[in-house]
Amino acid sequence: MGQLSGPTDPTADAHWEHQQPRKGFFTDTSVCIGCKACEVACKEWNHNPRDGNLELLGSSYDNTGSLGASTWRHVAFIEQGQDRITEARESGRALVNLGMPRIGPPGAAATAGPDLAQVDTTPPDTADFRWLMSSDVCKHCTHAGCLDVCPTGALFRTEFGTVVVQDDVCNGCGTCVAGCPFGVIERRSDGMVAVAAQREEQHAEHAAVPNAGVAQKCTLCYDRLVADETPACAKACPTTSIKFGNHDDMVETARERVAGLHAQGLTEARLYGANELDGVGGTGSVFLLLDEPEVYGLPPDPRVPTADLPRMYRRAGMAVAGMVAAAAVAFLGGRA
Amino acid sequence: MTHSEFDSFRPPEPTRRRRPAGKRGTGRRDSGDGSREMPMVPEPEFTSYYGRPVVKPAPWGDEVAAYLFLGGVAAGSALLGLGGQLTRRPTLRRNARLSALTAVSLGAVALVKDLGRPERFLNMLRTIKVTSPMSVGSWILSAFSVGAAVPAVAEIDRMSGARLPLGPLRTVLQTVEGPAGFGAAFFAGPLAAYTAVLLGDTATPTWNAAHEELPFVFVSSAALASAGLAMITTPVHEAGPARNLAILGVVGDVVAMRVMEHRMDPVAAEPLHQGKAGAMLKWSERLAAAGGLGTLLGGRNRAVAAASGLALLAASALTRFGVFEAGQSSARDPRYTIEPQKNRLAARRAAGITGDSITTAR
Ligand code: SF4
Ligand code: SF4
Chain A
61 MGQLSGPTDP TADAHWEHQQ PRKGFFTDTS VCIGCKACEV ACKEWNHNPR
111 DGNLELLGSS YDNTGSLGAS TWRHVAFIEQ GQDRITEARE SGRALVNLGM
161 PRIGPPGAAA TAGPDLAQVD TTPPDTADFR WLMSSDVCKH CTHAGCLDVC
211 PTGALFRTEF GTVVVQDDVC NGCGTCVAGC PFGVIERRSD GMVAVAAQRE
261 EQHAEHAAVP NAGVAQKCTL CYDRLVADET PACAKACPTT SIKFGNHDDM
311 VETARERVAG LHAQGLTEAR LYGANELDGV GGTGSVFLLL DEPEVYGLPP
361 DPRVPTADLP RMYRRAGMAV AGMVAAAAVA FLGGRA
Chain B
369 MTHSEFDSFR PPEPTRRRRP AGKRGTGRRD SGDGSREMPM VPEPEFTSYY
419 GRPVVKPAPW GDEVAAYLFL GGVAAGSALL GLGGQLTRRP TLRRNARLSA
469 LTAVSLGAVA LVKDLGRPER FLNMLRTIKV TSPMSVGSWI LSAFSVGAAV
519 PAVAEIDRMS GARLPLGPLR TVLQTVEGPA GFGAAFFAGP LAAYTAVLLG
569 DTATPTWNAA HEELPFVFVS SAALASAGLA MITTPVHEAG PARNLAILGV
619 VGDVVAMRVM EHRMDPVAAE PLHQGKAGAM LKWSERLAAA GGLGTLLGGR
669 NRAVAAASGL ALLAASALTR FGVFEAGQSS ARDPRYTIEP QKNRLAARRA
719 AGITGDSITT AR
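Quick note, the sequences are listed as chains A and B, same order.
Read in order, the letters of the first sequence correspond to residues 61 to 396 in this note's numbering.
Read in order, the letters of the second sequence correspond to residues 369 to 730 in this note's numbering.
FYI, nobody ran anything at the bench for these hints, they're computed from the structure.
Computed from a predicted structure; not experimentally measured.
A virtual CB, placed ideally from N, CA and C, is assigned to each residue, including glycine.
Heads up, some of the hints might be wrong.
As the list claims (entries may be wrong) - Example chain B residues on the side facing chain A (calculated, C-beta under 7 Å, incomplete):
no., residue
1, Gly451
2, Thr499
3, Asn669
4, Ala674
5, Leu678
6, Arg730
Kindly generate the complete structure, drawing on both the sequences and the hints.
Now the structure itself:
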């Protein structure tokens, strides 16, 4: 067993004999056009059944809603006005000025980073309105809450450093659902949600929902990776907003891209998941965001719950001792 | 902003209303037309993605809450059973042993029923994984069940006048029933406490924030519930230890709950005081106090003892369902995920720790 938190190589922790370089995504939301090709490609390749009742959710052009058992890529749409753009720019600038994370000696890092105080920050093209579009996906965390708490071993770490469910092992206990700090993995329901739409009847003969009652999430197209193929979403993305490759390269690309955007005065750009010192040890899927993470439905400071597990066990041990002592006192102590 | 020759036909633009700084549901249109129904808490003071939850609530039904209760009853009963065994209280011993087996069996059935694939429940014992409280708990539950079943079957055999078709196994049973009672009591504490770790080790905001004190709440609740059950089933002259345990349990429960609410993140603690969960927890405390007082003042009266026992059982059930429900509702509302996280991130930054944020500028 590897460590429970902090920077590490998850594949080595899982004791794979033939290690592959860790694979990952870099999702650059600044070039996403919201076409949802990734959502469609993912559904097709993975034979994921329909999610929900084809409702209009009233949330811009997003009628998918969120990641779930049958939605492994989800494109978020956010409409923002002037105020919010200014705020995003400010919060991004504050982040830059924090100079984090520090790599190497603090002095060197401070001089290496661009000093954005002097940069001309005249907004290049967004005037008083903007769309944010972001294709969300499982983060394939370095310390994956879902994997840690799975009692059956259905969830496992692949040789590519990704996190995958074995459909034939999972018994649907649902522990992983609560264990994921990003709200990604979900137990697939049997799809018996009734709707009165005619569409429903058209599709009535469709095969039964596969893997019902079992936890489901993005596999980073494990079946394609073993065949040396690119995951379906990255392959389908027309703008290369979704990039796929070795995790190290992805992080490097992300760092270059965010530096480039900063140099253009887009201080709102920031990375999400590229820091191996964060609460989940860094994510396999790195994102470039243009606003605070919670705007996209991402947690602002996720922490893998298992990081505190040794402490929880110790507290539980103390409680057990207390209970046994109470029982002993109840029998031995006076006035019975 | 586009300009076209048709601009003059547009209705006048409403003057841009600056929304108060706090209130900004992302992308929320102020001119809602009624059909846009969004699951928003009123006036959120934080940004979220259309008010949708960030983490997902565990797909657990009331069966799991019931199991939290039944597992506690079983655990406490096994301890009382062992005490009865060691201090020669045959009625207390018999009743506690039977209670332990009944409670643990019902609890296990509830757990299996809640699985997405109940027929695969044995996969729980496919591996031992210390990082998974569910795995550790499954093994505790299994070991406890064996330890609880043997003495309980021996009691049933005695009650039926040795009429169970056991044959030569009867001697074996009678030899191992004592040690098995020890075994059950050994796993009793872990059985009562692991469920707290199971809930604490999740991303569900209220449960996770409660992880420091929840084990103490749960073992106290287990103690008072099992003691309450013994006070109902067992005549007062043998139920003395049960009364003692009940009082200790009540004190532990009330204190641990208070300390927990005090020490956890104030935002994440809110669901413990709101709605259904809040009502259940309030009543749980009242019933625990009433049951404890009844035990203390009138526990030697059979009727009062039984009534107090009932109050204690109800108090424990309400604690479990209340904590369970509070957690589930905290997961359904993005506020409880986002606000405590933003606060702790800001606190770390204010303290000069800037290297551990998931959001970075480079
Ligand atoms: S994002 Fe959630 S589901 Fe994906 S690896 Fe991390 S903990 Fe598991
Ligand atoms: S639902 Fe399946 S994958 Fe998730 S924790 Fe349970 S057994 Fe593991």
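These are the hints, each one checked on the structure:
1. Here the hint on B/Gly451 is kept, as its CB sits about 4 Å from the closest CB of chain A, short of 7 Å.
2. Annotation: interface hint on B/Thr499 holds; nearest CB of chain A at approximately 4 Å, less than 7 Å.
3. Taking 7 Å as the C-beta cut-off, the interface hint given for B/Asn669 is violated, the closest approach to chain A being about 15 Å.
4. Hint status for B/Ala674 relative to chain A: violated, with the closest Cβ pair at about 18 Å, above 7 Å.
5. For B/Leu678, the interface hint is violated, the least distance from its beta-carbon to any beta-carbon of chain A being 19 Å, above 7 Å.
6. Checking B/Arg730 against chain A: minimum C-beta separation of about 5 Å stays under 7 Å; hint holds.
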